[in-house]
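**Student:** What follows is the residue order along each chain.
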Amino acid sequence: MPEAVRPGHGQAGTGAAVVIVGGGVTGLSAGWWLARAGVDVLVLDKGIVAWEASGRNGGGCSHATSPLFLEEQRLWPMMDDLLGYPTEFSPGRIRIAFDSAQFDLYRHLARAGERQGFATDILDPAQTRALVPLAGDNVVGAYHYRFGGHANPHRTAQGYAWAMQDHGGRVQQHTTVLGFETAGGRVTAVQTNHGTIGCDALVIAAGPQTGGLAAMLDVHVPMAAARAEMIVTEPLPLMPLGGVDGNGLYGRQTLRGNLAYGGGPHEWITLGEGMAVPPRSSTPLLGPIAGRLAALFPKARHARVIRSWAGVIENTPDGRPVIERLRTPDNVVVATLSSIGFGLSPATGHAIRDLVLDGACNFADLSTLRLSRFAGLEQDWMRQRGWVPLAA
Amino acid sequence: MPDPFSIAGKSLPVHERAQLLVVGAGSAGLAAAIEGARLGLSVLLLDENPVPAETMGDDIPLLYGQAMSGAVRNPGAMIEALVATEPRLAEAFEAGVDVRLGTAVWGLYANGPSVGWLPGMVAGITTPEGARLVGFDRAIVATGHRDMGLAFPGWDKPGVIGARAAVQLATRYQALAARRAVVLGTTAEAFAAAQALSAAGVEVVAMVECAEAAIAADPAFPVLTRHVPIRVEGAEAVEALVLSGPDGDVRLACDAVVLGVAAIPTIDLLDAAGCKTVFDGRRGGFVPLLDAAQRTSIPGIQAVGDCAGVWADKTRDRRIAEAEGVRAARLEDVSGVETGPDLAAYRLGWVRDTVLAQDGPAAPHVCRCEDVTAREILEVRPPRYLGVQRETRNDRSLASLLGQGPPSPDQVKRLTRAGMGVCQGRRCREQVAALLALGAGVDLAAIPLATHRAPVRPLPLAALGATPEPEAMAAHWSTWFGIPAQAVPYWEITPTEGDADA
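Just so you know, the protein sequences line up as chains A and B, in that order.
Under numbering that gives the first Met the number 0, the first residue of the first sequence is numbered 0, with each subsequent residue one higher.
Under numbering that gives the first Met the number 0, the first residue of the second sequence is numbered 0, with each subsequent residue one higher.
Excised from the complex, chain B in its bound form (with noise of 0.2 Å):
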């Protein structure tokens, strides 16, 4: 007989069930989702976009910076131009896959050594009724890269936005509210962002690098190397950048910033899932750790694209991450994927040259959901709600909290609460570890990952508790154990004498 209250016996509703769930409609996981249907699997797709406007405004799943027009308010309008702008969806259709845009995937759920309740593998998706739990096989996860954030003054101003996200508004939706860019960065992935920009009818009026020399190139769009943003200017929303640089403060008017300097592997469902992940600099930071048919650590789960790792080839051409979706779907061996050049210290450059430079009552919240500087994260400083910004006792330095290992990003997000907002940690997670490795003095590679979490998009409790509670869970619903023995007073107990041992 088990114990009444646990979750032995019990269970919740799995609503449909398919052998392949692709998550994410993007160059991989179309490739992976028609490959899957022509080799006779039931293959379900699932793509956020459009994502709802009240979710883009807090820059979710991407950096958006409130730089959209009012176009992101008509879904119907943006699901065509999706269609429209990625042929693979009508191959996709055609090929049998069961298509689904503007439905999220939440979390991503197995058995393991401490859970054994599950009726296998499970995804939490939404839907127009609320919630759901979708059964699946395997599950092929493409869920793409989204860009950086990096804190300056006023980078908290519409229009500073990423790369990824720009791209997608201008291109896909037609949709991004700006004609005059400055991007940030001389990624790959900056200079794709600026030949789309460019010919979306963007006016990218000039690349930044904080570096002596930029990364890449592209003769179309000269760089100004050795200059780093110290602020926005505008009312409203973006109308300048103000650039400090090796011959002074140079002011470029624009309505857009877009942060081109860190592309990060989109992980979050795969690290909530329990996937283990690996710094890779050359792949651009935190991914899955994989095996040669794109297996994560936890059997049935795959990652393919951007999300598996981000690196310059594959950014100029799909087709790498094409082929990375065909064979995860076909679960065969490649071996010698060549990547590139390691981005970490170029990243911690960046980090440390805007946003560690920044200080004073001007500084800039590297976490705007909590609102915490750079060197209230340092400090490891109570959050500003508590009122008791001391200046002894209640502020100690990192290496209070350091011991035989590096700092935690958790335990500093714990005690600051950078991170721990609705964006959840979208626009900070990266700077935080840039500027904890900084502060510690270590590789970047050194700072763990800061946990990610299910739902990992916001969902509110009334979706997330649509499906009524089943019947055995309601009958034996206990607050806390249900052990009868704990409620006891300990006046009604008669002691018992002596020691265990006596």
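Next comes chain A alone, as it looks inside the complex (with noise of 0.2 Å):
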């Protein structure tokens, strides 16, 4: 068992206990676990914090095929209160089919639900007009899991940040990390263009670019970069359940009223120099976003486009997380949530504390989630599944 960081054990002024590299919801949630355990805990950001993949999602909380599920559903309701930030959870979802092909494929998170014992309503297009008021008569069916929900990404991000704070955190904005020092199979220190920072344990969680900074550690992380779009709408009255998706989309009407969704095509992209992600600009994909919105609430289809825009999601070869504590060097936490970051991040925090400060998870089995599983990957794994960027 790897030597474990023990509360307080700080180098002030010069370090920290854990440096967590990447304030994204995954950085700064398990910044915020281990700053209430009472460990000093420094988050480092290249920019701004949830500047990424965690301020661009859709909010979901519901994924039920996770190692990660009940302690995800466990955490939500509570969360506001445990950060003392509003989060703007909200609970349940409905999604809406609108043929037989989406209401088969939809039924899958019901089952998964169901197996851990959370419950799912099958909904008749009455049932699910009644609870949705801006759906309309193009619905064959609905599913309403009793389970899940959504919040809003950027104030549950700046929640965390603030929550760690509070409890003596620190986050450190437009920090560059440069490479890392090692002595003894452990990293020391962290080099960055602010200077070298000591450690006594070190948590990579910088999304896109964990594969980049575990490289520095000959650690390899299979991932690749995609960017994917969302559109918003103006505020619309609230309707009684906002997380309300189908059609191929996904997303939800915010507390504020406005209906924010994406889905439909990715477009797989390159990190330019220095793991840098480019300009995440958006395309003309805003259009057909906003018909299947249309055709999702066709009472709301009046209602106006004010904002579209991409966020850049990494993936891992099989889609699925890698939360894991290296052999070498042994101080070390690679996280890469693969693009389902944002709904497991309380319990994902929760599992790196755990593995920070005990070596392994004291909640849930992770073992499905190991880099051992890519063992055997090809060398062009990424041109096999035809995940090319097709940007010069």
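These are calculated hints, taken from the structure and not from any lab test.
These figures come from a predicted structure and were not determined experimentally.
There are no misleading hints in this set.
One-sided excerpt, in silico: chain B residues whose CB lies under 7 Å from chain A: (1) Q410; (2) L458; (3) P488.
Glycine included, each C-beta is placed from N, C-alpha and C at the ideal position.
Each chain sits in its own coordinate frame; assemble them with the hints.
**Tutor:** So, in structure tokens, the structure goes:
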């Protein structure tokens, strides 16, 4: 068992007991969990916290196929109180189908929930329209998942950061990691554009840059980055339940009343020089997303779209997370959530806290998320999957 | 074999093409379009005017301040008025330019570091049938300027209007519902508005300046210096403006308050497209980074006229903007352009003396779409609809967001929602930036630009989605990435042993 990090074992001024690279929801949640355990923790971000996929997602909290699902479901209803800041979490989800293929596809989540003790109601068209006033005559059926929900990504991410600070943790923005110093099979310091920062333990949770950072420690974390787009409308009167999607879209009605939705084609991209995330350009794909949203909510078809945006998201070869404490160097935890990080973040942070302090996750079996599943991965796995960037 | 759920191998229909697309039929855009046609190019000149009355009601694209008369509900007459008041429109028709009025451009798109699927450069435009894509080889953006909003109690009452909107309504459409105006600010644009309104029969009651001295002058319009607006009086609309000055309060009876404090280059389309921008206080604030032939950082997109920079001489003499248009069409370099003085500190002064000076229960909303006050912006408070306005824990100082960098308006808007509403930040964007500069004690130039996003005009879902989804897209449309293994429940997966490096 690797040596544990002891609470308070920091190097004030010159470093921290735990340095976390990446100020997205995963890193910030981990920082908050560690800080509330009394650990001296410092989160580094190359720019502003939650500026990448953490602040550009649909806000869904319903990952019933993940080993972290039960903890996700346990924590979300408590998060506002635990953090002391509003997350806008709202429970429950409805997914609407317009044809039997969609209806069959969306049954998947119901089955996964059911196996773990969570009910799902099947709604007929009339029941659907009663719960979803914006729905129309094109509904074939819907699932009302009595679990999961949605929250506001911006507010949640900042809530983690502030709550962590309230427990004595620190965030350092606009700080780029250039390399790591190791000694005796451990990372002892992080080299940045603002100097060298000593550490007893390191967490790498840097989204699409996680692979490049891990490579600096000779650890291979296979991942590819893609661009995906979302749109948001002007505010509309609140529906009884905001977590309504379907018709190939994910998203929610926010507590302010805006419809925020995405879905459809993504574009594989390459990171630039120094792992730089290229401009997160949106494209005319807002048209097809708007068309699908107008079909999902015919009574909102005249609602005006006021923004579209894109985010850059990483995926591992099987689309599933990696959350692992490495054997060498033995004081490093690597986490990539592979495009499903926001909703799981309360649980992920807890798992990372356990891995850092105790060497193993105390509440869930993370053995399916090990890096070793990629041991036999082909060199050209991206090409084999057709995950090939189009941009020059 | 590309990932079937990715954009590879898919496309969206492009309905028409032009060699040269010109956006905006003001002085610079008309000059560029006419010159382009003279050079033998197929030229498409689009202008959103006359904009629908409902759009004007949301202060889009200008700060109309509900000061429109019923005349704005007659688009036919408005088009006639546009053609009658701008002779060069007819000249463009005759030169063979495809001129379309009432057509807004809501997005410009080009392939780049993260986009490779577009069939060349395209523009999103509005048509009566819905949104369409137009392909182009080169675009010249000439979207003009708008006015900075300025919050004081009552600034949301009908009759508080931007200088540019007031002049447009009064002189082009005869549609300004006002007879007596007070003009705030002493910029060249404020005086130009005073002159134009006066010529159109509107009495200019006073010009108002918060500073010791006016920054421009016209003997016909005396200036009340060291005065700031403290409230609008009027039940339904502006009936009077109350100023605070060195000798006490002054009440000016009027039915319009014209904001001429700062002319802002309209860069929404350029910024949303990804053109690099730079803050230049001598050009009105954030402007596209341009070379000597008006080229932006995106090859094939140029910017001319006020959206490329506003300064006094350019406001007074339309030939400067026209020359930019002609040069841009010819791709001709010019160097040594004289601009004006840096007005960033002047703008900050107005926000400090007016917006920041207002506090307490009567404090106005700086962001009127989302009801956010200056204090709420500076304390980064969660929005009121969450009902968490506790005095502890839920409000943080601006300092709690700082760290190795200036405050980011984008970060502040995500948390307070200032700038996230239907007007797309047109009323509050520059005020928020100024508040952050004042709050952090830095120059206005240090505050990053709050991002603009397409569509830069609010468009109904039904209009944006009017084009049927292409078959190839529909056949392989996934909610999320469509990676089969991602959907497999963890209990159906056989765990691997040990560590990767074991």
